[in-house]
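Here is what each chain is made of, one letter per residue.
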Amino acid sequence: MMRLPPFTYVAARTLAEATAALAEHGHAAMLVAGGTDLYPNMKRRQFEPRVLVGLRGIRELSGVRGSAREGVTLGAGTTLSTVAAHREIATHYPALATAAGLVSSPQLRAMGTIGGNVCVDTRCNYYNQSFEWRRAIGFCMKKDGDTCLVAPGSTRCWAVSSSDTAPALVSLDARVRLVGPGGERTVPIAALYRDDGIEHLAKTREEIVTDILLPPADEWRSTYLKLRRRGSFDFPVLGVAVAARLEGDVVRGARIVLGAVASLPRSAERAEAALIGRRLTPEVIATVADLAAGPSKPLDNTDFTHPYRKKVTRVFVARALRAIGGLDAGGSAVEEVA
Amino acid sequence: MSAGEKHGFSVIGQPLPKLDAWAKVTGETRYADDMVLPRMAHAKLLRSPHAHALIRRIDTARARALPGVYAVITGADLPRVKFGILPVSQDEEALCTERVRMVGDAVAAVAAVDEETAEQACRLIDVDWEPLPALMSMEESLAHPEIRIHEYGDGPNVHKHVALQFGDVDAAFARADLVREDTFYYEGSTHLPMEQHAAVAQWGADGKLTLWSSTQTPHYVHRSLAKILAVPGAHIRVVAAPVGGGFGGKLDPFAHEIAVCQLSRLTGRPVKIALTREEVFYVHRGRHPVLMWIKTGFTKRGDITGCHLKTWLDGGAYGSYGVASTFYTGVVNPASYKMPVYKFEGARIFTNKPPCGPKRGHGTPQPRFALEVQIDKAAEELGLDPADMRRRIVTEPFTKTANHLTVTTTGLAECIDRVVEASRWRERRARPRARGARKRGVGFACSAYMTGAGTAIYWNAMPHSGVVLRADRSGAVALLCGATDIGQGSDSTLAYLAAEVLGIAPKDVHVHPADTTLTPVDLGSYSSRVTLMCGMAAIQAAERLRGALFEAVAKKLEVPPGALVARDGKIGVADDREKALPFAQAVELGEAMHGVLAFPGSYAPPKRAATFRGGTMGQSPCYSFSAGIVDLSVDEETGEIAVHDVWIAHDVGRALNPLLVEGQVEGSVYMGIGEALMEEQVFRKNLHKTPSMLDYKSPTALEMPEIHTILVETDDPEGPFGAKEAGQGPLLPIMPAIANAVYHAVGVRIDEVPITPDKILRALDQKRRGGPGRVGPEKLPLLAPREPLVVESAFGQPAAAVVVRPFQTERLA
Numbered sequence: 001m002m003r004l005p006p007f008t009y010v011a012a013r014t015l016a017e018a019t020a021a022l023a024e025h026g027h028a029a030m031l032v033a034g035g036t037d038l039y040p041n042m043k044r045r046q047f048e049p050r051v052l053v054g055l056r057g058i059r060e061l062s063g064v065r066g067s068a069r070e071g072v073t074l075g076a077g078t079t080l081s082t083v084a085a086h087r088e089i090a091t092h093y094p095a096l097a098t099a100a101g102l103v104s105s106p107q108l109r110a111m112g113t114i115g116g117n118v119c120v121d122t123r124c125n126y127y128n129q130s131f132e133w134r135r136a137i138g139f140c141m142k143k144d145g146d147t148c149l150v151a152p153g154s155t156r157c158w159a160v161s162s163s164d165t166a167p168a169l170v171s172l173d174a175r176v177r178l179v180g181p182g183g184e185r186t187v188p189i190a191a192l193y194r195d196d197g198i199e200h201l202a203k204t205r206e207e208i209v210t211d212i213l214l215p216p217a218d219e220w221r222s223t224y225l226k227l228r229r230r231g232s233f234d235f236p237v238l239g240v241a242v243a244a245r246l247e248g249d250v251v252r253g254a255r256i257v258l259g260a261v262a263s264l265p266r267s268a269e270r271a272e273a274a275l276i277g278r279r280l281t282p283e284v285i286a287t288v289a290d291l292a293a294g295p296s297k298p299l300d301n302t303d304f305t306h307p308y309r310k311k312v313t314r315v316f317v318a319r320a321l322r323a324i325g326g327l328d329a330g331g332s333a334v335e336e337v338a
Numbered sequence: 001m002s003a004g005e006k007h008g009f010s011v012i013g014q015p016l017p018k019l020d021a022w023a024k025v026t027g028e029t030r031y032a033d034d035m036v037l038p039r040m041a042h043a044k045l046l047r048s049p050h051a052h053a054l055i056r057r058i059d060t061a062r063a064r065a066l067p068g069v070y071a072v073i074t075g076a077d078l079p080r081v082k083f084g085i086l087p088v089s090q091d092e093e094a095l096c097t098e099r100v101r102m103v104g105d106a107v108a109a110v111a112a113v114d115e116e117t118a119e120q121a122c123r124l125i126d127v128d129w130e131p132l133p134a135l136m137s138m139e140e141s142l143a144h145p146e147i148r149i150h151e152y153g154d155g156p157n158v159h160k161h162v163a164l165q166f167g168d169v170d171a172a173f174a175r176a177d178l179v180r181e182d183t184f185y186y187e188g189s190t191h192l193p194m195e196q197h198a199a200v201a202q203w204g205a206d207g208k209l210t211l212w213s214s215t216q217t218p219h220y221v222h223r224s225l226a227k228i229l230a231v232p233g234a235h236i237r238v239v240a241a242p243v244g245g246g247f248g249g250k251l252d253p254f255a256h257e258i259a260v261c262q263l264s265r266l267t268g269r270p271v272k273i274a275l276t277r278e279e280v281f282y283v284h285r286g287r288h289p290v291l292m293w294i295k296t297g298f299t300k301r302g303d304i305t306g307c308h309l310k311t312w313l314d315g316g317a318y319g320s321y322g323v324a325s326t327f328y329t330g331v332v333n334p335a336s337y338k339m340p341v342y343k344f345e346g347a348r349i350f351t352n353k354p355p356c357g358p359k360r361g362h363g364t365p366q367p368r369f370a371l372e373v374q375i376d377k378a379a380e381e382l383g384l385d386p387a388d389m390r391r392r393i394v395t396e397p398f399t400k401t402a403n404h405l406t407v408t409t410t411g412l413a414e415c416i417d418r419v420v421e422a423s424r425w426r427e428r429r430a431r432p433r434a435r436g437a438r439k440r441g442v443g444f445a446c447s448a449y450m451t452g453a454g455t456a457i458y459w460n461a462m463p464h465s466g467v468v469l470r471a472d473r474s475g476a477v478a479l480l481c482g483a484t485d486i487g488q489g490s491d492s493t494l495a496y497l498a499a500e501v502l503g504i505a506p507k508d509v510h511v512h513p514a515d516t517t518l519t520p521v522d523l524g525s526y527s528s529r530v531t532l533m534c535g536m537a538a539i540q541a542a543e544r545l546r547g548a549l550f551e552a553v554a555k556k557l558e559v560p561p562g563a564l565v566a567r568d569g570k571i572g573v574a575d576d577r578e579k580a581l582p583f584a585q586a587v588e589l590g591e592a593m594h595g596v597l598a599f600p601g602s603y604a605p606p607k608r609a610a611t612f613r614g615g616t617m618g619q620s621p622c623y624s625f626s627a628g629i630v631d632l633s634v635d636e637e638t639g640e641i642a643v644h645d646v647w648i649a650h651d652v653g654r655a656l657n658p659l660l661v662e663g664q665v666e667g668s669v670y671m672g673i674g675e676a677l678m679e680e681q682v683f684r685k686n687l688h689k690t691p692s693m694l695d696y697k698s699p700t701a702l703e704m705p706e707i708h709t710i711l712v713e714t715d716d717p718e719g720p721f722g723a724k725e726a727g728q729g730p731l732l733p734i735m736p737a738i739a740n741a742v743y744h745a746v747g748v749r750i751d752e753v754p755i756t757p758d759k760i761l762r763a764l765d766q767k768r769r770g771g772p773g774r775v776g777p778e779k780l781p782l783l784a785p786r787e788p789l790v791v792e793s794a795f796g797q798p799a800a801a802v803v804v805r806p807f808q809t810e811r812l813a
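Chains as they are written, first to last, in the working numbering: chain A, 1 to 338; chain B, 1 to 813.
What the hints contain is simulated information worked out from the structure, not anything from laboratory work. The beta-carbon is built from N, C-alpha and C at its ideal position, and this holds for glycine as well. Careful: at least some of the hints might be erroneous.
[Unchecked claim] Taking beta-carbon pairs under 7 Å as the criterion, some of the chain B residues facing chain A (in silico):
(1) Pro-49
(2) Glu-278
(3) Thr-638
(4) Thr-700
(5) Met-704
[Said to hold, decoys possible] Below 20 Å or equal to it, Euclidean Cα-Cα: the simulated SDA-like pairs (lysine to any residue) are:
(6) B:Lys-689 x A:Trp-133
(7) B:Lys-685 x A:Phe-131
(8) A:Lys-43 x B:Lys-685
Throw the hints in and build the complete structure from the sequences for me.
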């Protein structure tokens with residue numbers, strides 16, 4: 001079987017211990033929470049940390065606090081299965097509960113954390129391969145090489161943001177709390193992401209995502225649709241998160257966020273703007289879906305063909321809007337089997 | 001065996017759990033990778049990063065200097081002998097010496113204190129490569145005869161080229177009311193067994209070698225090792241460890257098995273190797289990608305007047321079972337329907353990819369897909385119901401096909417009737433239902449498959465299967481047989497058969513499988529042969545034992561032996577329950593009378609193969625038949641397919657254990673859905689694109705439909721208590737039935753697998769723009785046709801119900 005490289009495991013008991021360990025070991029250190037993504041990647045030598053700082057022993061990192069009225073705070077160490085099953089979240093922030101419940105498989109959701117999914121490494125099918133495979137193809141700039149194999153003329157890495165919860169959280173206007181050696185800061189979650197397959201997180205190495213803060217639900221409706229080959233296990237190759245606030249049947253607020261079609265969760269701003277002040281009629285939905293597909297620019301580095309992922313972006317945005325408007329969502333309904 | 005006894009079964013027909021079910025579930029079963037021996041070393045192979053390259057030099061000095069490394073070997077440390085599973089394709093080296101032909105070819109092996117050290121040492125081996133142009137498709141291989149992957153074969157990069165003609169196809173097409181020509185493509189796929197290949201070798205202090213391996217063919221591995229290692233076969237013992245799934249992927253002798261033997265010899269330690277999942281993708285031997293052209297003539301009523309099939313197989317870098325695979329893409333199709341005239345041309349092309357070989361259904365799912373989809377198209381043109389059309393043309397029992405296969409029993413007509421009825425086919429077909437973007441459709445297909453290959457892979461006149469039964473004074477019976485249980489339940493089935501004949505419980509039978517030192521040869525777990533061939537041998541051995549026991553008991557009870565029966569753990573007079581002895585006591589009497597009670601059973605298939613060259617291919621003692629109906633929906637906006645229900649009726653001859661048969665049918669449906677909808681063995685920049693279980697898409701439990709299995713029993717005279725195969729045939733109707741259901745749902749033809757959402761949307765787009773609404777191959781490879789061997793069609797000739805089987809003549813007396 002594939003084996004892990006040797007490393008030292010630091011079992012931090014407090015955030016201060018964790019940040020201190022990160023500061024001490026610098027580039028040699030990485031954080032690990034559930035480890036569901038990190039350890040397989042280490043076996044393939046995508047990461048070769050000499051020190052792992054474990055977060056599982058830090059009690060303050062897990063748990064869900066607050067309410068939909070005043071806003072909900074999720075400790076970054078809360079497992080994805082807890083998030084998916086949380087009644088308050090499922091009722092008032094359905095995009096998040098749905099997204100968390102669609103990550104990988106039940107076993108991995110029981111280990112994987114919301115913080116881990118928010119920070120999960122970008123993916124590319126030239127990169128998520130064993131060391132021997134990557135060596136055979138000549139390595140890529142994300143690890144051990146200097147070119148991009150999916151776009152050879154490119155000066156940047158096009159690895160794909162593959163978090164289900166990230167687009168859902170951006171659509172919900174969540175914020176994240178980061179704690180580092182110099183103290184803590186809270187930023188809109190969209191500001192955590194950079195449009196770069198390698199440096200995809202806008203945080204320092206010493207900073208730890210400690211909490212995810214959801215604003216008061218305030219009548220916002222939301223939903224998340226995920227494209228993948230199979231009903232379980234697979235990373236998204238397209239995620240569509242839509243949140244909207246309606247007064248009567250008029251849209252007063254809207255956020256449409258696309259996952260897995262860029263190196264970061266991508267907001268479809270023109271489509272959002274086109275919804276404001278409108279009713280969710282079939283014509284409006286069609287127009288908005290076309291606009292939303294614009295920023296969907298997948299490349300040929302995941303499962304499915306990239307033209308197909310682009311085509312489905314439009315379909316999913318329309319279906320998400322129909323679901324939010326309480327219209328028939330089309331293909332998502334379960335049919336009575338005769 | 002009397003007729004009355006045959007139908008008054010006590011074990012046969014019972015839905016019993018497998019004997020090893022609890023051991024598997026609790027983790028007690030010891031697979032090869034679970035073995036730990038004192039002083040054991042761990043091995044890793046260094047594999048080629050190039051698809052095609054010359055090896056200028058290999059320097060192992062840095063690897064050997066690494067602390068913890070016991071030995072490093074290259075091809076120079078092995079006898080310079082090539083091997084391969086088929087005598088006609090001896091083209092492999094365990095560790096390549098001069099040239100590599102695919103990414104993943106092994107070039108060196110390391111034994112070390114642990115797996116991490118062995119892996120590190122592999123990275124310290126310096127190989128000086130001279131890359132050669134890689135031929136990554138059949139088209140490239142045929143277009144570049146100046147680049148030769150192998151020097152042998154039927155032409156530059158053509159491994160095998162066959163052409164057989166039975167009757168006049170042109171005349172047959174002239175008689176037809178409708179002649180269709182269609183092209184199809186069937187993508188390659190891999191077996192994906194849960195257990196990755198593993199092996200442990202121990203070259204003992206006595207100078208003898210033992211290899212424990214996850215193999216489906218310990219006998220062939222035994223023979224190969226003697227040749228490759230230049231060691232007397234008498235000093236080699238091969239034990240097939242319990243196999244965690246094979247599906248054809250563990251049927252060849254492999255580099256890793258040979259390497260651990262040699263490393264054990266050099267280090268004086270037991271050496272283990274366990275392949276990574278990625279390595280299993282390189283070892284491969286999976287489904288051949290096959291391009292097909294099929295021309296069939298039909299009458300207005302739906303009779304087939306004749307069929308002409310051409311296949312091109314992308315073989316990959318080595319021969320493996322490829323010659324057989326090539327024939328199998330042609331020779332089995334005629335078994336299902338009346339096809340009076342038949343012509344087949346097949347060519348297997350070498351490419352610089354992992355070698356293809358025998359995957360469940362070996363060579364037959366591809367042409368079956370072509371035939372069944374073409375019949376669906378013809379039925380529509382002729383205005384016939386696809387099920388009714390097939391129902392009219394099923395082959396007659398006990399007749400020969402155009403290409404001289406002998407069909408004994410066939411339950412295909414009953415299979416068709418049963419699935420049509422159970423699924424309410426006519427109702428579903430007449431009223432396609434839609435909900436929003438989701439369109440519902442049903443599709444139909446049938447198939448036939450061999451119950452064991454009629455010939456061994458090397459010519460010989462010996463049994464294909466042997467069993468030795470020894471009765472113990474405790475009442476236990478030891479059953480020794482070379483068969484390998486790969487999860488299909490052969491150990492259990494052998495126990496059931498012996499228990500049935502001897503009137504004891506299956507738990508009292510101790511099956512000792514697949515150990516070349518202890519067990520009589522069985523050729524291996526392939527071609528759906530084990531239940532039939534080992535089963536017949538087991539029955540023969542059990543009947544001989546029972547005869548000896550009857551003789552002794554008869555003397556004791558003072559009745560004639562013919563008055564005795566063995567039932568409920570006793571041997572006694574049939575209609576007098578008081579006059580009976582417990583089985584253990586019968587054994588004691590028997591041993592006192594005869595000495596040690598050990599009896600052999602032997603089986604070889606009936607000799608009825610045609611004498612023309614290639615005439616043995618596809619010959620089998622009997623054939624299984626299946627009919628399947630798939631109900632699915634297609635999302636017109638996303639192209640996604642959801643399979644809701646599958647009805648499948650399978651003519652299994654007799655269900656020795658219906659629970660196991662249903663398991664085989666369900667597993668086949670699962671594998672068929674994977675091949676139909678998502679599995680692809682695809683390459684990019686000379687590398688396998690998805691060599692992991694995450695990225696190689698195979699269905700999960702969530703993709704599984706409701707499966708309605710119907711078992712049809714035809715009591716075949718060739719099978720043990722009438723049984724035929726169940727492990728491969730039920731896979732075959734699934735792919736074409738899905739393709740046909742997709743057409744029924746949304747009116748587009750996807751003439752290739754996998755049928756992906758992307759292809760559905762492309763075909764729908766095309767149709768909206770006034771096109772044909774089809775995605776499939778557009779052109780065929782350039783390869784000059786070969787002059788066919790012309791043989792008279794044997795279609796419709798009567799076949800003897802029972803023919804003489806070697807080693808089993810006494811049973812006919």
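Hints, one by one, checked against the model:
no.: 1; hint: Pro-49; result: holds (3 Å)
no.: 2; hint: Glu-278; result: holds (5 Å)
no.: 3; hint: Thr-638; result: holds (5 Å)
no.: 4; hint: Thr-700; result: holds (5 Å)
no.: 5; hint: Met-704; result: violated (10 Å)
no.: 6; hint: B:Lys-689 x A:Trp-133; result: holds (10 Å)
no.: 7; hint: B:Lys-685 x A:Phe-131; result: holds (16 Å)
no.: 8; hint: A:Lys-43 x B:Lys-685; result: violated (23 Å)
The structure is inconsistent with the numbered hints 5 and 8, although it conforms to all the rest.
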